[in-house]
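Heads up: the sequence shown begins at 1 in UniProt numbering, then just goes up one per residue.
What the hints contain is simulated information worked out from the structure, not anything from laboratory work.
Note that CB positions come from ideal geometry on N, CA and C, so glycine has one too.
There may be inaccurate statements among the hints.
As the list claims (entries may be wrong) - Mimicking DSBU-like on lysine-lysine, the simulated pairs with C-alpha atoms at most 30 Å apart in a straight line are: (1) Lys101 - Lys6; (2) Lys177 - Lys166; (3) Lys12 - Lys166; (4) Lys101 - Lys143; (5) Lys143 - Lys166; (6) Lys12 - Lys177; (7) Lys166 - Lys108; (8) Lys177 - Lys6; (9) Lys207 - Lys143; (10) Lys94 - Lys166; (11) Lys108 - Lys12; (12) Lys166 - Lys101; (13) Lys101 - Lys207; (14) Lys177 - Lys207; (15) Lys143 - Lys12; (16) Lys143 - Lys108.
Claimed, not checked - Computed spacing ranges between beta-carbons, pair by pair: (17) Ala138 - Ala19: 31 to 39 Å; (18) Arg160 - Gln246: 33 to 41 Å; (19) Glu171 - Gln135: 23 to 31 Å; (20) Pro227 - Gln135: 20 to 28 Å; (21) Glu105 - Asp49: 29 to 37 Å.
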Amino acid sequence: MKSIPKQAADRKLQTGLVAAAEQLRNAVDALSFADPVTHIYNPLDYAWDLHQRYIAQAAASAHVLFLGMNPGPWGMAQTGVPFGEIAAVRDWMKIRGDVEKVENEHPKRPVEGLACQRSEVSGRRLWGLAQDRFQTPAAFFRKHFVLNYCPLVFMESSGRNRTPDKLPVAERDALQKCCDQHLRDVLALLPWTHLVGVGAFAETCLKRVTNDSDGTAEIVRILHPSPASPAANRDWAGTATTQLEQAGVW
């Protein structure tokens, strides 16, 4: 069988990822959420340009998928990139672009795009590990891709973040239906060998979505890099590296 040239294979994957993201964006935009959620950001809307530029880094040779929960206010909410710490996106991945105005913006959570002066610790840790180990984005993306399960940021009136797992059951179920379908669509694009849940929530999503499939990918869990986790504040990079090595990912 004649193999597909690398550039053509990469473009096919990237086209599939864009189409899946568009479908997810439209699906979650049709949902509604009640108090205590007062503000919702969807970076697949206002940071769509940056998200597409991120997808353009994806390679068809990738076989390890990292899955996070949902955007942080100073990461993907600013850049449209999963775990999208500003410096990693702007200076390491060399992604440039503008974000559009956010409707119903929370005064404590302004969206400033790549000009944002805040740094997301989780993203700094995850992409920092990728940079330290692989040096260049091309080397990392040759074997890996990073995705968020849910694209939405939920905030209460105080500005406090509310994670998807804390939503009321009906809202959570409707959101889960959209996000599960997106994850299935992404999993169908490549013959993944390892699916890495960044934290327990993501691992649960991977197990649920792959439960009825015939996929052979191994599901792995690593410690979430959030500073809210005491364990993550004690050499997260070393812990995650050991977990990935023991699982045979690295």
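To see whether the hints hold, each was checked on the structure:
1. Lys101 - Lys6: violated (37 Å)
2. Lys177 - Lys166: With Cα atoms ~16 Å apart, Lys177 and Lys166 stay inside 30 Å; holds.
3. Lys12 - Lys166: violated (36 Å)
4. Lys101 - Lys143: violated (34 Å)
5. Lys143 - Lys166: violated (33 Å)
6. Lys12 - Lys177: Distance ~25 Å between Lys12 and Lys177 Cα, so the pair holds.
7. Lys166 - Lys108: holds (21 Å)
8. Lys177 - Lys6: Violated - the C-alpha atoms of Lys6 and Lys177 are around 33 Å apart, more than 30 Å.
9. Lys207 - Lys143: Roughly 21 Å separates the two Cα atoms, so the pair holds.
10. Lys94 - Lys166: Between Lys94 and Lys166 the Cα gap is close to 35 Å, so the pair fails against 30 Å, i.e. violated.
11. Lys108 - Lys12: Roughly 40 Å between the alpha carbons, so the hint for Lys108 and Lys12 is violated.
12. Lys166 - Lys101: Status holds; Cα separation ~27 Å.
13. Lys101 - Lys207: Not OK: Lys101 and Lys207 at ~36 Å, beyond 30 Å, violated.
14. Lys177 - Lys207: Cα-Cα ~15 Å, so holds.
15. Lys143 - Lys12: holds (16 Å)
16. Lys143 - Lys108: At roughly 37 Å apart (the allowed maximum being 30 Å), Lys108 and Lys143 break the hint.
17. Ala138 - Ala19: 31 to 39 Å: violated (23 Å)
18. Arg160 - Gln246: 33 to 41 Å: Holds, at about 36 Å.
19. Glu171 - Gln135: 23 to 31 Å: violated (42 Å)
20. Pro227 - Gln135: 20 to 28 Å: holds (25 Å)
21. Glu105 - Asp49: 29 to 37 Å: Violated - the Cβ-Cβ distance for Glu105 and Asp49, about 18 Å, lies outside 29 to 37 Å.
Comparing the model with each numbered hint stated earlier shows that hints 1, 3, 4, 5, 8, 10, 11, 13, 16, 17, 19, 21 do not hold.
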